[in-house]
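Student: Listed here are the chains, written in short residue letters.
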Amino acid sequence: GQQLNQSPQSMFIQEGEDVSMNCTSSSIFNTWLWYKQDPGEGPVLLIALYKAGELTSNGRLTAQFGITRKDSFLNISASIPSDVGIYFCAGSAGYSTLTFGKGTMLLVSP
Amino acid sequence: EAGVVQSPRYKIIEKKQPVAFWCNPISGHNTLYWYLQNLGQGPELLIRYENEEAVDDSQLPKDRFSAERLKGVDSTLKIQPAELGDSAVYLCASSLAPQSIQYFGAGTRLSVL
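Respectively, the protein sequence lines represent chains A and B.
According to this note's numbering, the stretch in the first sequence is residues 1 to 110, in order.
According to this note's numbering, the stretch in the second sequence is residues 1 to 113, in order.
No wet-lab data here; the hints were simulated from the structure.
All of these numbers come straight from a predicted model, not from anything done at the bench.
Even glycine gets a Cβ: it sits at the ideal position worked out from N, Cα and C.
A couple of the hints might just be wrong.
Here are some chain A residues pointing at chain B (derived, C-beta under 8 Å) [to be verified]:
(1) 41
(2) 42
(3) 46
(4) 85
(5) 88
(6) 94
(7) 97
(8) 100
(9) 101
(10) 102
(11) 103
(12) 107
To spell it out: a stretch of chain B is covered by chain A in this simulated footprint if at least three of its residues, at any positions, have a beta carbon under 8 Å from a beta carbon of chain A; those stretches are [what the hints assert, rightly or not]:
(13) 18-30
(14) 103-112
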C-alpha cells in the first residue's frame with residue numbers, strides 16, 4: 001500500500017538537543033497526525049493538524065501543516081531520554097483512511 | 001477510561017495453522033480498524049468497520065483473512081491458514097466517528113514458524 005515519505009529514517013542525538021523530522025506526500029491531505037510508538041506498544045497520538053499552515057504545540061513538541069497540504073513537520077525541543085521511540089506521520093484525505101509514513105526512529109543519549 | 005484492548009499480545013504458530021485476534025474498542029467508539037504493521041514500516045489498513053458494517057476491506061487478503069464485528073462492539077480478525085509472511089504486528093484502532101482521531105491498541109505480535 002501507499003506510504004508517505006518520512007525523513008530522516010533514524011536519528012541518534014544527545015540529550016538536550018532539538019530534533020526535526022518531516023513527512024511528504026504526493027497527495028493532498030486534509031489532516032496530518034503525528035504518533036509515537038514505543039517498543040511493544042501501539043502508536044499514541046501526539047499532535048493533530050487540520051488546517052494548511054497550522055502550527056500546533058504540545059509541550060516540547062511543535063508540528064506544522066504545510067501550506068501545500070502535501071507535507072508536515074515535527075520538532076522536539078530539548079530532547080530527553082524518554083523521547084526515545086519511533087515517530088510516525090499520518091495523513092488523511094478526509095475519508096477516515098490514514099496513510100502512514102515508515103517512521104523515524106529516535107535514540108537519545110543521556 | 002479503558003483504551004483499546006487486544007488479545008493475545010503474542011502468538012506463535014506453525015505455518016498452515018489458523019489464528020485469531022480479538023479487539024475490544026473504546027466504549028462508544030463506532031468505528032473500528034484493523035491494521036497490519038510489518039517490521040520497519042508504518043501501519044497499513046486491512047479493514048474498517050462502521051458499527052457492524054465493513055465499509056472498507058479493499059486491502060484485506062480475502063483468500064485467507066476474515067474479520068467480523070457481529071454486535072458492532074468487539075471484533076475478531078482471523079487468518080486461515082497462516083503463512084510465513086504473515087508474521088507481523090496486528091493493530092486494532094477505534095474512533096468515535098469515521099473522521100475522528102484513531103486510538104490504537106498495543107497490538108498482537110504474530111510469529112509464524
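Student: Are there three or more residues in the stretch 103-112 of chain B whose C-beta lies within less than 8 Å of some C-beta in chain A?
Tutor: Check passed, 6 qualifying residues.
Student: Holds or violated: is the Cβ of residue 102 of chain A closer than 8 Å to a Cβ in chain B?
Tutor: 6 Å, holds
Student: Under 8 Å is the threshold here; is the Cβ of residue 100 of chain A close enough to any Cβ of chain B for the hint to stand?
Tutor: 3 Å, holds
Student: Grab the minimum C-beta distance from residue 88 of chain A to chain B and call the hint holds if it beats 8 Å, violated otherwise.
Tutor: 5 Å, holds
Student: Residue 46 of chain A was flagged as interface toward chain B. Is the shortest Cβ-Cβ separation under 8 Å?
Tutor: 11 Å, violated
Student: Next item in the hint list is residue 41 of chain A. Is there a CB on chain B closer than 8 Å to its CB?
Tutor: Holds, because the Cβ-Cβ distance from residue 41 of chain A to chain B comes to roughly 5 Å (cut-off 8 Å).
Student: Is the shortest C-beta separation between residue 94 of chain A and chain B less than 8 Å?
Tutor: 7 Å, holds
Student: Would you settle whether the hint for residue 101 of chain A is holds or violated, based on the nearest Cβ-Cβ distance to chain B being less than 8 Å?
Tutor: 5 Å, holds
Student: Tell me if residue 42 of chain A is really an interface residue toward chain B, meaning its C-beta lies closer than 8 Å to one of theirs.
Tutor: 3 Å, holds
Student: Check whether three or more residues of the stretch 18-30 of chain B sit with their beta carbon closer than 8 Å to a beta carbon of chain A.
Tutor: n = 0 at 8 Å, threshold three: violated.
Student: Per the CB criterion, is residue 97 of chain A less than 8 Å away from chain B?
Tutor: Nearest chain B Cβ about 6 Å off; hint holds.
Student: Tell me if the interface restraint on residue 107 of chain A is satisfied: Cβ within less than 8 Å of some Cβ in chain B.
Tutor: The hint is violated - residue 107 of chain A has no Cβ within 8 Å of chain B, the shortest such distance being about 15 Å.
Violation of the numbered hints given earlier is confined to hints 3, 4, 12, 13; the remaining hints are satisfied by the structure.
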